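From first to last, the protein sequence lines are chains P and Z.
Read in the numbering used here, the first sequence has 126 at position 126, and its numbers run on one by one without any break.
Read in the numbering used here, the second sequence has 336 at position 336, and its numbers run on one by one without any break.
Source of the hints: derived by calculation from the structure; they are not laboratory data.
Watch out, some of these pointers could steer you wrong.
As the list claims (entries may be wrong) - The calculated lysine to any residue pairs, modelled on SDA-like cross-linking and capped at a C-alpha distance of 20 angstroms, are: (1) K125(Z) <-> R215(P); (2) K70(P) <-> K365(Z); (3) K125(Z) <-> R90(P); (4) K365(Z) <-> A411(Z); (5) K125(Z) <-> N219(P); (6) K125(Z) <-> E78(P); (7) K125(Z) <-> F77(P); (8) K51(P) <-> K365(Z).
From a predicted model like this one, the values you see are computed outputs, not experimental measurements.
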Amino acid sequence: MKIIACYSNKGGVGKTATSVNLAYSYAKAGYTVLLCDLDPQGASGFYLRVKPSKKLTDARFFEDVARFTKSIRASDFEGLDVLPANMTFRDFDVFLSRMRNKRSRLKKALVAAGSDYDVIILDCPPNFSTLSENIFKAADQIVVPVIPTTLSERTFDQLVSFFDAKKLPKNKLKAFFSMVQRRKTLHQDTMDVMKKLYRKRFLNSAIPFAADIERMGQNRAPVSVYAPRSAASAAYQSLYDEIENGVVSNT
Amino acid sequence: MPGNNSFFVIPGALDEVKFSKSFKGLTPKMNDAKPVQRFELLDCHDQSLRASGRVLIEAGGSLHLLKDGETISQRCKGKGKFAQNLPAGPVRDALADFPELRALMSVGAGQIENRAFAVLDDLQKTQVRGTVMTLYSDRGQVSLVAAQPLRGYDRAFQTVCEYLETTASGVTGVEPLFNAVFPDLTVYKAKPEIRIGTQEPSIEVATDIIRTYISVARQNEAGVIADIDTEFLHDYRVSLRRVRSVISLFKGVFSPEQTAELKRAFSDLMAPTGRVRDLDVYLLEKEDYFRLIPPQLHDGARAMFKQFEKERTQALVRLSRRFRSQAYDQQMTTLAKLFADPGNLQPGPNADRAAYEYACALIWKRYRKTCKLARSITPDTPDEDVHELRIDCKKLRYLMEFFAPLFDARAFKRIIKPLKKLQDNLGLFNDFSVQQEALHSFVQQHSNTQGRADAQLALSIGGLIAVLDQRQKAERDRVIANFQRFDSPDIRHLFRSLFHHKGD
Numbered sequence: 001m002k003i004i005a006c007y008s009n010k011g012g013v014g015k016t017a018t019s020v021n022l023a024y025s026y027a028k029a030g031y032t033v034l035l036c037d038l039d040p041q042g043a044s045g046f047y048l049r050v051k052p053s054k055k056l057t058d059a060r061f062f063e064d065v066a067r068f069t070k071s072i073r074a075s076d077f078e079g080l081d082v083l084p085a086n087m088t089f090r091d092f093d094v095f096l097s098r099m100r101n102k103r104s105r106l107k108k109a110l111v112a113a114g115s116d117y118d119v120i121i122l123d124c125p126p127n128f129s130t131l132s133e134n135i136f137k138a139a140d141q142i143v144v145p146v147i148p149t150t151l152s153e154r155t156f157d158q159l160v161s162f163f164d165a166k167k168l169p170k171n172k173l174k175a176f177f178s179m180v181q182r183r184k185t186l187h188q189d190t191m192d193v194m195k196k197l198y199r200k201r202f203l204n205s206a207i208p209f210a211a212d213i214e215r216m217g218q219n220r221a222p223v224s225v226y227a228p229r230s231a232a233s234a235a236y237q238s239l240y241d242e243i244e245n246g247v248v249s250n251t
Numbered sequence: 001m002p003g004n005n006s007f008f009v010i011p012g013a014l015d016e017v018k019f020s021k022s023f024k025g026l027t028p029k030m031n032d033a034k035p036v037q038r039f040e041l042l043d044c045h046d047q048s049l050r051a052s053g054r055v056l057i058e059a060g061g062s063l064h065l066l067k068d069g070e071t072i073s074q075r076c077k078g079k080g081k082f083a084q085n086l087p088a089g090p091v092r093d094a095l096a097d098f099p100e101l102r103a104l105m106s107v108g109a110g111q112i113e114n115r116a117f118a119v120l121d122d123l124q125k126t127q128v129r130g131t132v133m134t135l136y137s138d139r140g141q142v143s144l145v146a147a148q149p150l151r152g153y154d155r156a157f158q159t160v161c162e163y164l165e166t167t168a169s170g171v172t173g174v175e176p177l178f179n180a181v182f183p184d185l186t187v188y189k190a191k192p193e194i195r196i197g198t199q200e201p202s203i204e205v206a207t208d209i210i211r212t213y214i215s216v217a218r219q220n221e222a223g224v225i226a227d228i229d230t231e232f233l234h235d236y237r238v239s240l241r242r243v244r245s246v247i248s249l250f251k252g253v254f255s256p257e258q259t260a261e262l263k264r265a266f267s268d269l270m271a272p273t274g275r276v277r278d279l280d281v282y283l284l285e286k287e288d289y290f291r292l293i294p295p296q297l298h299d300g301a302r303a304m305f306k307q308f309e310k311e312r313t314q315a316l317v318r319l320s321r322r323f324r325s326q327a328y329d330q331q332m333t334t335l336a337k338l339f340a341d342p343g344n345l346q347p348g349p350n351a352d353r354a355a356y357e358y359a360c361a362l363i364w365k366r367y368r369k370t371c372k373l374a375r376s377i378t379p380d381t382p383d384e385d386v387h388e389l390r391i392d393c394k395k396l397r398y399l400m401e402f403f404a405p406l407f408d409a410r411a412f413k414r415i416i417k418p419l420k421k422l423q424d425n426l427g428l429f430n431d432f433s434v435q436q437e438a439l440h441s442f443v444q445q446h447s448n449t450q451g452r453a454d455a456q457l458a459l460s461i462g463g464l465i466a467v468l469d470q471r472q473k474a475e476r477d478r479v480i481a482n483f484q485r486f487d488s489p490d491i492r493h494l495f496r497s498l499f500h501h502k503g504d
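Let the sequences and hints guide you as you build the complete structure.
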């Protein structure tokens, strides 16, 4: 079982789109995948037409393996299951703070309920919290979408500093540029600067800003299901190839 | 994650309109049908699969095995093959208990249409998946509806299953499929049940049995001609052998002239089948023969088996030609007609004896004769006497089987068990002896006028004869002990109480 977190401390950078499309790529490659929605907004579940979990409330996520397991739903795609979120997930920090070993509860819960999956993908909420620390600890890889703008650059700096301060292994961090608009000079310049600054942290693959990705909300399916020949679909595929197989395509 | 499929047999077609409107908050959506394919229903001649509640369908280059509401599929062809020779896969594994000597043959054909469906909720999310497999023949149709649960949507799955169960109206198992699509398919039975009344005149019993087995024999002719597997000829011969034993064992039931005439007729029918059967047996035991001798001697054995294969092909061509001839057909039809009514036959002095009393007399006499011979056997008795004992045991067994319906089944089972063991022993003793003779004559046939044979061949056969001779001796050594087991006080008492009534 491998755990991949899709995380950013900034909102609206394309975490959920990345989680869903990456999870779909893994499932298509023949892996059994659990997409675990940790964001109380429940957007991952929404994209896959799975309704919010009603019964996996409050601290049960961390304490009730049977309930966790029962809340898992099959998606419409072979090999891809979903654990939908609900609004009580916003209080994770409150529950975690009351627990012993509060930084390893997530890993424990995932191992207990998800060990029969090859890959677990975590769609994470955007903040620094006890839950985030749990995520950093549980994940084997942390995929970080970064929009090449000044604010995003700043949040990524914060993330790396946080890892430094907490002595967390930075090699887990796999950042990539998201929502890239190549005709914008700002985007180009920011990418050049950040790639130089964080040479080891950035993947080569980048996801363009694309209407096809925005349409996920209407189609409620992964991009390559309804736009298989689009640039966006190809970009997610190369992101998958690079994360899973280390294959670098020239983009 | 794949779950357990459930399938339901629905006679006729699934009412799709009703199906699509039967669930609150859920809408089944049928996909377009895949192109209609031809299918063949596979089983062996005696329909072992059907008897075990299974259906094997070959369509579009795949095998689909249906059992207990589950479908197992494997991409391969099966028609004409033996189950154990299929490529490794789930269907082959599930057919592990299929008779080894029986080939999969087409017992029916028709058209098959596959459609997938998805049961969607208000978000157009699939909650249950399924398939509808419709089988048609010119006689009718049946729908096999399979539903597949999706993780986390158990309630929807249950709802759909409940609906399908109601639609199938309690129909379970695979018989409804056969009834709907192949209503005319009769089940072949190598040993049909023959009812006998205790007071029934013996001539009627004899004609009933003979008529039945003539019909069984005839049901195997096509399979011999098509050379599907070796069991057809075997069953054909066993049936005729049963007929012959009725004629010879039911003494005095037919007039002496009639008896002699019938004996000749059925012996003439059997004779042309002997060579093919012998060769079948050799070829079936090919692997065993190779195991008997060291690899250095395999070359000669290979040459011999090549010769056997060639000879079998020729012998089978001759036999098939005979089975297809008009003369043969006429002969069999005439015999069947003759036994249609006991009045057609000349009665002998025992014709009207009541079946039960006659059976007791015959079995008791045969039992005493068999025991007398068996008890006289010592390690020094000549082989001929052991062969004689084999034949006596066989006659005793046949008599008991013919009249079995008149007696207590449990008591018979207790007798048959040690008898069968003794018979198996004697059978092997006989086989090893016959095989030695056959090998010997094979070398003679393949020798030149000076009696010189090919060295490779002679080496192999010499080796085989030596081993077979030892095996034959070993079997012979077991005969006395096996008979003693059969000759226990318990079995003796059973025989006496079943068949010997004082004052008879």
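Structure-based check of each hint:
With a C-alpha separation of about 18 angstroms, the suggested pairing of K125(Z) with R215(P) holds against the 20 angstroms cut-off. For the given pair, K70(P) sits about 74 angstroms from K365(Z) by alpha-carbon distance, which is inconsistent with the 20 angstroms threshold. Annotation: proposed proximity of K125(Z) to R90(P) is violated, straight-line Cα distance about 26 angstroms (limit 20 angstroms). Taken as a hint, the K365(Z) and A411(Z) pair is honoured in the structure, with Cα atoms around 18 angstroms apart against an allowance of 20 angstroms.
About 12 angstroms separates the Cα atoms of K125(Z) and N219(P), which keeps this hinted pair within 20 angstroms; it holds. Between K125(Z) and E78(P), the direct Cα distance comes to roughly 13 angstroms. Compliance with the 20 angstroms bound is thereby established for this hinted pair. A distance of roughly 11 angstroms separates the Cα atoms of K125(Z) and F77(P); the hinted pair therefore holds under the 20 angstroms criterion. Distance check on the hinted pair: K51(P) and K365(Z) sit about 83 angstroms apart at the alpha-carbon level, beyond 20 angstroms; violated.
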